[in-house]
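K.L.:
Two chains, each in its own frame: build the complex with the hints.
Protein sequences, first through last, are from chains A and B.
Take the first sequence: its position 131, counted from the start at 1, is 131 in the working numbering, and no numbers get skipped.
Take the second sequence: its position 354, counted from the start at 1, is 354 in the working numbering, and no numbers get skipped.
These are calculated hints, taken from the structure and not from any lab test.
C-beta: ideal position from N, C-alpha, C; glycine also.
Fair warning: there could be bad hints in the mix.
To be verified - Not everything, but these chain A residues come out facing chain B in the computed CB check (under 10 Å): (1) Ile24; (2) Asn26; (3) Leu45; (4) Lys55; (5) Lys118; (6) Ile134; (7) Leu141; (8) Glu143; (9) Arg151.
What follows is each chain in one-letter form.
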Amino acid sequence: MTGWIILGVLVFILAAILIYVITIYNGLVALKNNIERNWSNIDVLLKQRYDELPKLIKVCEGYMQHEQKTLEAVIKARSMASQAGTDKQKMQAQNMLTDTLKSLFMVVEKYPDLKADKSFQQLGYRITELEDQIADRREFLNESVNIYNIRLEQFPDVIIARTFNFAARTLWQIDPEHRQDVKVEFTHT
Amino acid sequence: MSDGTKKIQLIVQQKPLASPELDSLVQVLQDEHGLDAYTAKYRLTGSGKALFGTGSKEKTDQLAALLRNHGYNCWEIQQTQVLFSPLRLRELAVSSDSIELICREKSFVVSRGSTVVAVLADVSGQIKERCIRRHMTQRNYRKAMHMTSMDQEEMVRSVLKGKPLVDLYLLDPKGQPQAAVRIFPGRFNAQGLGDRMTPSALRNLQIILRLVRECAGRFVLHADFGLGSLPGCQIKTLDGVYLESQEILESLTRFGWLMCDLEQDRPEAPPGVVDPALAAVAVALGQPALVAAVASGNVEAVPGLNEVVRELQAAIHDDTANDEKGEEEESEQWLPLPPERPESKISGRMLLSALGTFFAVAVFMLLSQDNTPLLRSVAKYSMKAGLIPGLLSLGFCWAGFYFIRLKRKIENTPTSRIRSMAMGLVEVHGRATRKYALVSPVSQSPCIYYRLRKYKKDSNNHWTLKSDRHSGHVPFMVEDNTGQVTVDPLGAIVRPKISRTGFPGEATLAFQGVSAEDQDEKWVEDVIYEGAMLYVLGFAQPLREKRKSLRERTVEKLRDLKLDRQALHRYDTDGDGQISEDEWQMARSDAEQDALKAHLSDGIGRKRQEEHAVIARSSQRSMPFVIAEAASEARLARNYGLFSVSLLITGLATAGFALFKLLEFLGA
Numbered sequence: 001m002t003g004w005i006i007l008g009v010l011v012f013i014l015a016a017i018l019i020y021v022i023t024i025y026n027g028l029v030a031l032k033n034n035i036e037r038n039w040s041n042i043d044v045l046l047k048q049r050y051d052e053l054p055k056l057i058k059v060c061e062g063y064m065q066h067e068q069k070t071l072e073a074v075i076k077a078r079s080m081a082s083q084a085g086t087d088k089q090k091m092q093a094q095n096m097l098t099d100t101l102k103s104l105f106m107v108v109e110k111y112p113d114l115k116a117d118k119s120f121q122q123l124g125y126r127i128t129e130l131e132d133q134i135a136d137r138r139e140f141l142n143e144s145v146n147i148y149n150i151r152l153e154q155f156p157d158v159i160i161a162r163t164f165n166f167a168a169r170t171l172w173q174i175d176p177e178h179r180q181d182v183k184v185e186f187t188h189t
Numbered sequence: 001m002s003d004g005t006k007k008i009q010l011i012v013q014q015k016p017l018a019s020p021e022l023d024s025l026v027q028v029l030q031d032e033h034g035l036d037a038y039t040a041k042y043r044l045t046g047s048g049k050a051l052f053g054t055g056s057k058e059k060t061d062q063l064a065a066l067l068r069n070h071g072y073n074c075w076e077i078q079q080t081q082v083l084f085s086p087l088r089l090r091e092l093a094v095s096s097d098s099i100e101l102i103c104r105e106k107s108f109v110v111s112r113g114s115t116v117v118a119v120l121a122d123v124s125g126q127i128k129e130r131c132i133r134r135h136m137t138q139r140n141y142r143k144a145m146h147m148t149s150m151d152q153e154e155m156v157r158s159v160l161k162g163k164p165l166v167d168l169y170l171l172d173p174k175g176q177p178q179a180a181v182r183i184f185p186g187r188f189n190a191q192g193l194g195d196r197m198t199p200s201a202l203r204n205l206q207i208i209l210r211l212v213r214e215c216a217g218r219f220v221l222h223a224d225f226g227l228g229s230l231p232g233c234q235i236k237t238l239d240g241v242y243l244e245s246q247e248i249l250e251s252l253t254r255f256g257w258l259m260c261d262l263e264q265d266r267p268e269a270p271p272g273v274v275d276p277a278l279a280a281v282a283v284a285l286g287q288p289a290l291v292a293a294v295a296s297g298n299v300e301a302v303p304g305l306n307e308v309v310r311e312l313q314a315a316i317h318d319d320t321a322n323d324e325k326g327e328e329e330e331s332e333q334w335l336p337l338p339p340e341r342p343e344s345k346i347s348g349r350m351l352l353s354a355l356g357t358f359f360a361v362a363v364f365m366l367l368s369q370d371n372t373p374l375l376r377s378v379a380k381y382s383m384k385a386g387l388i389p390g391l392l393s394l395g396f397c398w399a400g401f402y403f404i405r406l407k408r409k410i411e412n413t414p415t416s417r418i419r420s421m422a423m424g425l426v427e428v429h430g431r432a433t434r435k436y437a438l439v440s441p442v443s444q445s446p447c448i449y450y451r452l453r454k455y456k457k458d459s460n461n462h463w464t465l466k467s468d469r470h471s472g473h474v475p476f477m478v479e480d481n482t483g484q485v486t487v488d489p490l491g492a493i494v495r496p497k498i499s500r501t502g503f504p505g506e507a508t509l510a511f512q513g514v515s516a517e518d519q520d521e522k523w524v525e526d527v528i529y530e531g532a533m534l535y536v537l538g539f540a541q542p543l544r545e546k547r548k549s550l551r552e553r554t555v556e557k558l559r560d561l562k563l564d565r566q567a568l569h570r571y572d573t574d575g576d577g578q579i580s581e582d583e584w585q586m587a588r589s590d591a592e593q594d595a596l597k598a599h600l601s602d603g604i605g606r607k608r609q610e611e612h613a614v615i616a617r618s619s620q621r622s623m624p625f626v627i628a629e630a631a632s633e634a635r636l637a638r639n640y641g642l643f644s645v646s647l648l649i650t651g652l653a654t655a656g657f658a659l660f661k662l663l664e665f666l667g668a
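So here's chain B without its partners, still in its complex pose (with noise of 0.2 Å):
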């Protein structure tokens, strides 16, 4: 297939998800081939196939080795020239054992037991879109790690609803291409397809392509045209722009080359190595001829014993891809959609507060009007006398020292475990993780947290806040190396990291662009992605207990005892129609066994964290409860610090103003 001398090609399978696998994959490719790191983690992210290195046959050998270790199918080959090109169907005739393929000048026959590599192709070059668009969906309403790339099916629907055709190669012995035909739906003969014609152009390509596969000895098919990143084989330019027709044809027909040289490199079952459940089929069927053919791996050479062991192969296989669909059923997990906004109630603190900013309001309105000269020269002689300097000065120190208090709260609270967390005040540090599909508004991406505010330019040019919306009461999920838990984010402080600003009708995170001063509205969202590194102080409580406690099991059984008059009688150990004081506590203690044996069985003692405790704001006000996306505890500290000491500060400055315009005012 490939001496030494030659250069070999490394093509790989990609998979859809960066995960930690990948990453130490990438670092043992790196430290130990040498490979940059970004380029091997591009190159085997995605959805296709794709052309991972070039070298000697020694080296492209240790690299297949150690991505087949890692769960990557890979081909070592030696890319063969294109020859010709597929020359288009014009109309097929179909017999028993063979399908004569008809087009302008020739004619092609695929027998049975010949090989077939096919391409199913969407020349519009929308199934990379869908899926990106798939992926997307995926990211942000499941969870990162059950993201999956498309199957050969889904990919062959998502190909037939762009504009498909159908590349069709048929291989010599040597596994060299010897012809291709491209079959462009409606645009061929159907006829030929006797019975099975139907007037749907799509239906009819579907056809060709199962009588192909049925008629041949081996039939692979390939729908991952446009996905991946294999050399001339792309559908647009580096700059993103889809190339013409004729040359995404070109490009299709290099794939098709391509895909006909991966069948060189196709792992051959070594002699003697018999599949087990085909071997057991057969042996359980008590066929001689049909084991000892499966046994030598010799089916061809019993005539009629192929279609057997293909149709026993299919059952084994539909049985295990339905276990295995079952399974991966079950392991997937779809995120419920965020609760609805619950509807603020009213509690007598947020009625003075909105008492008192309607009282600041009416104050401030009324002041503002000529004729008022009361409350304007109040206002005056407050300024004057140093009065409105003073509460400016009494805020500042009040906010200082709050947060000097919380401040210190976050140093002298230790973190504690998730799994051993106590109810109370705890600080927990841990990975943030969704607990529903909760999406950022803008940038579109899965987050535990956004807040989204809206301004709009007032008539003096200034930004005025027109809305003011957040997820505060989606909760999401915090995990350490020890356990996970709940947290519900409402009435916290929350400190996000990552703040974005940006205008209406732009395009997510490419603002960069448009001038501010252009703009009359214009966005800022604040966002915690999934996966951040969380700090949080606040109280643990615990959820309401939904099961039944050990005791009200006993209690439960007793009952029931005692209603059950056969069963009480089992207990009447000496026969006297009466349950004396011992035979009372035989019963109960029974009632205890089986109590005890239903709680351990509901696994109540397995209760993990997250099922039973919360992270939320305490019912006692004073109490800190803050969500911070910070490296460190003792950052978080500091910048808490330096802010207490700034307030402090302008808490003076103002202190001395007021106290200087109080002095002048008593013309001391």
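One chain only, chain A, in its complex shape (with noise of 0.2 Å):
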């Protein structure tokens, strides 16, 4: 009788594990459609900040007549990130598209009527906020790529993870020239 039981309870641990397992397998395919998902909703606010460039630049026009320069670099940046097709051509895109809105707005300085137009600081303060919501969803990505990683590498769930091939992800990375220091220079008059 008692090597019943004790088959019993074995029989019984087997199946808990055997139910753990499945949860852990199922953990690490959420976590891994999460990172898709989580990519998605940063191209979501992408796509909001891509339509609202032309309100932008038509707002513009009419007060920038000699910055057709940076105008054409916004549209430009804009194109490219329609066009781009993998990960990493996106985030190359979206990358210039950033830095290209950064040198309108520093340009827009130079024009007081413009700044004070009601319409472009409402398109500023709305591209400003979609910014600042990539920028917390691009962390976001990275916490649910390091969370991710991160179980890949944990017991028990590596035994699992490596059975069933599951690859590690890599972090969003800035361009390495936004890395290096800011050159400030003063000019002495």
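P.N.:
What follows is the structure, encoded as structure tokens:
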């Protein structure tokens, strides 16, 4: 009888382990899909920013007659963003778009009438808000990737991950040139 | 006024609300001045005046400067001994330029230009209770940052509702009290008021105050007797017992003398400093005498000018006060009452569980009767064969794995910032704030969630649940440093940190002294107070859009344009009476521009997360929805982990027992 009980308990433990393995496997699948979802959530904001740009350009055109170069750069970056195929290309195009937008807002300083325009202020606010949200979601994506990568290396998840070939994901990275120190030069007059 | 050798008292006007600014001030007082933080906070919080500290002039100067920088009114004084008590007013005589206050042996005259300090006091002591009640009401029904103390007018009204009396102190030019009169309403001959006299004793008291205010050059009214914390000026003992009437009157006399001392530390306007608004009005009126007098600050020198200036000041300050009041009214945020509990909809799942429960209860009742041998034997053999322990084991295991999955979900979901929260399963951390004026039913405190269970003892002396109600239908807000979002807790697993037990008839929170054995009923209240740090794992979803989209606006503009022939005619550039494709493009472009402007001016681009998203239960029931008052996510996950492990161990033990029973039954 004792033998049967031991056998029964072992079966129970094995069943529990099996359910636990399934839970871990499902958890890893969920984490992997969450990363994809977080990528898409960034895309949603990028699309919103993309849609706001023609309005901004339209408002700026009336005032910035002499800044066609800057405006063209924004338009070019926007079209590059729309044509990007791979993740890497998308990231590069979006980083470029962010840079050109920064230049645009810097140039705006020279146009007080444009700065005072209500529509421009609201669009500027909206785009800045979107930029903040994009930055937050990039951090969020990195956190998701980080949790996933940690899970892949943790015991007992590592066994399931290796058995079912779950591969580590890369974090969102910025352009290497943005890591460099900002050069500040003072002109002595 | 005060030399360096004598001790100076620093008196401070308290403020009603403990705020982050107060915390920073208290920190400075503790770090730089070595004061006890708790005592400092206690003395600065309230509705009256308090003795903040006593020390050398140098020390009190430093503290006074610091307090004034943080917006506190304070005075540095040397307290004068009480030399005489106010005499009771018997009658009075009012003339055009003076008021004679006649007591039993003496009479005093309030002449034009004299300085009078008046104390309007409620000797019943009820003003303190009213003030506390007012703050409690504000705390319960308003947001904490909008709590305010009573202004002078409200305080006067409140005192007049109790047992009021007035002490008038006439000060000499050095600021020392030279006479004091105590006016008990209805206990003096009011005929001296002439035509102004009314049958109401309180009204007559108010008229006297008004006349003295109009007659005196400087009139200061204090109505906060009994509210602050001034030595010798209390109306209650330290044990909270009210003093005898005579002792309260003595306290009032000491308070009156102290208020006269405050007059000595009145900040004087430096020469050459002129009220700019008054100067501007004086210039606008084109009166050279008025302009010169206002500029020199010597309005007393010109006969009759004092009244003009006073009226002007009153008008200016009335306007300013009105403006401020308007702004204040705008900023006031009374919370709406909590919504009614929604009528519960019966889902298929609920129907199934109800049927299951009904079936289980019916079986149990049948088994408990003597005349059902078949069912009894089924139950007996189920137990003997280990079927019931087996089912229990399955239940424990299912619960154990459910909590393991929940633990992993909590660990695997990164925390979102509220401003950039995406729709779907999200985890947010933040401070809980109320959206509705929700107050916990027993402890009467502002909260975002409560659950109240009432138990009654049955015949076997066991507690049986009699009622269970909660505020799970009342949404609240969670706020982090980027924004705030609404949380609808309906259907959530809510884990409050605070749980209190008490018995009927007990005062709130004071339940420790009552023995549970003597009671037949008890209550258990679980509360999440406003301001608690919350962990929320739930499903973020958009609220229904009420405003029009840009596309809708454009379509609407074009539709209007089509109906307006005159407007349409403007785009007929070639004048052929027809709108060509190019002309229509132009019209469309203009309509888009107009719609964009309207869209932007509506501030749609500035919508905050709270306006378009809510965290609630997902329609997909497998999605977790947890609201927990937890110090950290890790601790919450650990608690769930330990709970699930204990459930699994119990499940294993029960399974072993079930197997043992089964084998025993089979005779193995």
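K.L.:
Hints first: check each against the structure and report whether it holds.
P.N.:
Checked hints:
1. Nearest Cβ of chain B to the Cβ of A:Ile24: about 8 Å, under the 10 Å cut. The hint holds.
2. For A:Asn26, the shortest C-beta to C-beta distance to chain B is roughly 8 Å, which falls under 10 Å, so the interface hint holds.
3. Of the supplied interface hints, the one on A:Leu45 holds, with its beta-carbon coming within about 8 Å of a beta-carbon of chain B, less than 10 Å.
4. With its C-beta approaching chain B no nearer than about 6 Å, A:Lys55 sits inside the 10 Å limit, and its interface hint holds.
5. The criterion of a C-beta within 10 Å of any C-beta in chain B is met by A:Lys118, whose closest approach is roughly 7 Å, and the hint holds.
6. Annotation: interface hint on A:Ile134 holds; nearest CB of chain B at approximately 8 Å, less than 10 Å.
7. Annotation: interface hint on A:Leu141 holds; nearest CB of chain B at approximately 9 Å, less than 10 Å.
8. Checking A:Glu143 against chain B: minimum C-beta separation of about 4 Å stays under 10 Å; hint holds.
9. Taken as an interface hint, A:Arg151 checks out: its beta carbon lies about 7 Å from the nearest beta carbon of chain B, inside 10 Å.
Of the numbered hints given earlier, the model fails none.
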